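Novice: Whenever a hint applies, use it, and build me the whole structure from the sequences.
Spelled out, the chains give:
Number of protein chains: 2
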Amino acid sequence: MTLNKNTNILIIGLGVIGGGYAAALTAKGYRVSCITKNKTDIEYALEHGMILYGTTELDENLIKSAELIVFAVYPTVFIEWIKSNQHLFSPGTLITDVTGVKSSVVDEVQSILRDDVEFISAHPMAGRERSGVEYSDPEVFKGANYIVTPTEKNTIEAIEVCKELGRELGFTRISELSITEHDEMIAFLSQLTHCIAVSLMTCRDTDSLERYTGDSFRDLTRIAKINEKMWAELFLMNKDALLCEMNSFIKEFNRFKDMIQSGDRKGLEEKMKTSTARRALFDKK
Amino acid sequence: MTLNKNTNILIIGLGVIGGGYAAALTAKGYRVSCITKNKTDIEYALEHGMILYGTTELDENLIKSAELIVFAVYPTVFIEWIKSNQHLFSPGTLITDVTGVKSSVVDEVQSILRDDVEFISAHPMAGRERSGVEYSDPEVFKGANYIVTPTEKNTIEAIEVCKELGRELGFTRISELSITEHDEMIAFLSQLTHCIAVSLMTCRDTDSLERYTGDSFRDLTRIAKINEKMWAELFLMNKDALLCEMNSFIKEFNRFKDMIQSGDRKGLEEKMKTSTARRALFDKK
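Going down the list, the sequences are from chains A and B.
With the working numbering, letter number 50 in the first sequence gets 49, and the count goes up by one each step, no holes.
With the working numbering, letter number 190 in the second sequence gets 189, and the count goes up by one each step, no holes.
None of these hints come from the bench; they were simulated from the model.
Quick caveat, the model's predicted, so the values are computed rather than measured.
Hints are supplied without guarantee of correctness; some may be wrong.
Same chains, same names: a pair is fine if it fits in one copy or spans any two.
[What the hints assert, rightly or not] DSSO-like, lysine-lysine: derived pairs with alpha carbons at most 30 Å apart:
{"id": "1", "residue 1": "Lys141", "residue 2": "Lys162"}
{"id": "2", "residue 1": "Lys272", "residue 2": "Lys228"}
{"id": "3", "residue 1": "Lys272", "residue 2": "Lys38"}
{"id": "4", "residue 1": "Lys228", "residue 2": "Lys265"}
Specialist: Below, the structure written as C-alpha cells:
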C-alpha cells in the first residue's frame with residue numbers, strides 16, 4: 000500500500016497520542032476513523048473535527064475497509080486485540096503502533112499475525128504527562144523525534160509508509176533503530192528519567208515545599224505526574240535494559256556525591272563542563 | 000529606610016539575576032545604578048534602558064549615595080567585597096543579596112559588617128540555565144517564589160523592605176525561612192535536582208542520542224547546562240545538607256529499582272500515584 004489522501008486510516012485507542020494522530024492526519028486531509036472504548040471521547044473528537052467517524056463497537060466493516068491501522072493502546076491490550084480480532088483484517092492491511100517498548104511487543108505480534116497482514120512498529124517520542132483525548136495536541140509532534148523499528152519480517156514498502164506517516168504527522172526527525180537498540184535507548188532517555196522524577200517526588204514529604212521551589216524542581220518532576228498503569232507496564236516489559244541504566248545512573252550519581260563529600264571542586268567543575276557541552280546537543284532545532 | 004521611587008538602588012554584579020533586578024526595578028520607575036566588572040555589560044544595560052548609570056570602578060560617590068544595595072555576585076565575591084569595601088557605605092545603608100546558600104554567607108557577612116549598616120538576605124527562586132546580563136528577563140520572576148531569610152540581627156523594618164523589594168520585582172509568593180530551613184529546602188529543591196541533571200547527562204556518552212530523545216530527557220537535563228564555577232561553590236558551601244538529600248534520594252531510587260527488579264507492579268503503581276498527587280501541588284498558579 001501507499002499512503003495517500005484516500006487511504007482509509009483507522010486509529011484504535013483515542014487517548015492523548017491516538018487523538019494527536021487523528022487530529023494531525025485529519026488536518027492534512029486524510030480520512031480517519033477510530034475505535035475506542037469511551038463514547039464521550041468519540042463525541043469530543045467529532046466535535047473538534049478530529050475524525051470522520053468513530054465507534055465503541057468492533058465494527059467489522061470499518062476494520063475490513065481500513066488500509067492502515069494505528070494501535071494507540073497499552074501494549075498488553077494491543078497484543079490481546081490482535082489475538083482476538085485479527086480475522087477481521089482485510090488482506091494487505093498495514094498495522095503500526097505507538098508502543099514505548101518494543102522487544103516484548105513486536106516479536107509477539109509479528110509471530111502471531113496473519114501472513115497477509117504486515118505490522119511495522121514505530122515510536123513517536125512525544126508523550127505527555129496527561130492522558131486523554133482532550134489533552135491531545137498535534138503541535139507536540141513538531142520538532143520531535145519519530146523512531147521506526149523494523150525487523151527482518153518487514154518489507155521496504157511498509158517501512159517507507161511508516162516513515163511517511165511520521166512525516167505527515169509533523170515529526171521533525173525520522174530515524175530507524177533495531178528493536179534492541181530502541182529498547183536500550185528508551186530505557187535511558189525515557190524510562191530512567193521517569194524513575195528519577197517519581198523518586199524525586201516521593202523521597203521527601205512535600206508539605207508546603209511548593210512555596211519555596213524554583214523551576215528546576217518543577218522541570219525535573221513534570222513527568223512525575225504519571226499514568227501509573229501504563230508506566231508500570233512499560234517498566235516491567237523493559238526490565239533488563241532499564242535496570243542496567245538505573246545502575247549506571249546510580250554509579251555516576253555516587254561519583255558526583257563522592258566529589259562533594261571530599262570537596263573535589265576541580266572534579267565537580269569538570270563534570271559540569273562535560274554536562275554543559277553534552278546538553279547543548281539536545282536543544283530543539 | 001523605606002522603599003520608594005526616589006530610593007537610590009545600587010546593584011553590584013550585572014549578570015542574569017542582577018540584570019533581571021535592574022530591568023524590573025527600572026521598569027517600575029526606580030532609580031537603579033550598577034557596579035559590575037565588564038564594560039560591555041553596562042553598555043548592554045544602558046542600551047536596553049535597564050539602568051540609569053553603571054561603572055566598572057569602585058565609585059565612592061555612587062556607593063555613598065546608595066540607600067539599598069543588592070549584591071548579585073558569587074558568595075565568595077560578596078564576602079570579599081564586604082571585607083574590602085564596607086568603609087564606603089553611608090550609615091543606614093540596607094544591603095541584600097540573591098545568594099543560593101545562606102548558612103555559609105549570612106552569618107559571616109553579618110558578623111563582619113559595620114553596626115550602622117544592615118544586611119537582610121533573600122533568595123529569588125528564579126535562576127536560569129544561562130548566565131550573563133543578555134539572558135536576564137524580569138518575566139521569570141512572575142509566578143516565582145522569593146524567600147527572605149532573616150536572623151535575630153535583622154530589624155522588622157529591613158525585613159519589610161526586603162519583602163517589598165520582592166513584590167516590586169514581580170515575585171508571586173514571598174516567604175520567610177530561617178537560614179537552616181532555607182539551606183535544607185534548597186539542598187532538596189535546587190541543589191539535588193542539579194546534581195541529578197548533571198549525573199544524568201554524564202552517565203552515558205550521548206553520541207547521537209539527541210536523534211531519539213523525547214521531552215522528558217530534555218526537561219530533566221535543562222539545568223545540566225550549568226555554570227560550573229558558581230554551582231561547585233554552592234554545592235560545597237551547603238555540603239552537609241546536600242549530602243543528606245542525595246542519600247535520601249538514592250535510598251528512594253533504590254526502593255523503586257527493587258520493585259522493578261522483583262516485578263512488584265502494585266508497589267510501582269502506588270509510588271506513582273503518590274508522585275502524581277504530590278506533583279499537582281507544584282503547578283504554577
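Novice: Each of the hints needs a verdict: does it hold here or not?
Specialist: Evaluation of the provided hints:
1. Lys141 with Lys162: Answer is within: at 15 Å inside a copy they meet the 30 Å cutoff, but 42 Å across does not.
2. Lys272 with Lys228: For Lys272 and Lys228, only the inter-copy Cα distance (10 Å) is at most 30 Å; the intra-copy one is 38 Å.
3. Lys272 with Lys38: between (53 Å within a copy, 26 Å between copies)
4. Lys228 with Lys265: between (44 Å within a copy, 9 Å between copies)
Checked against the numbered hints above, the structure violates none of them.
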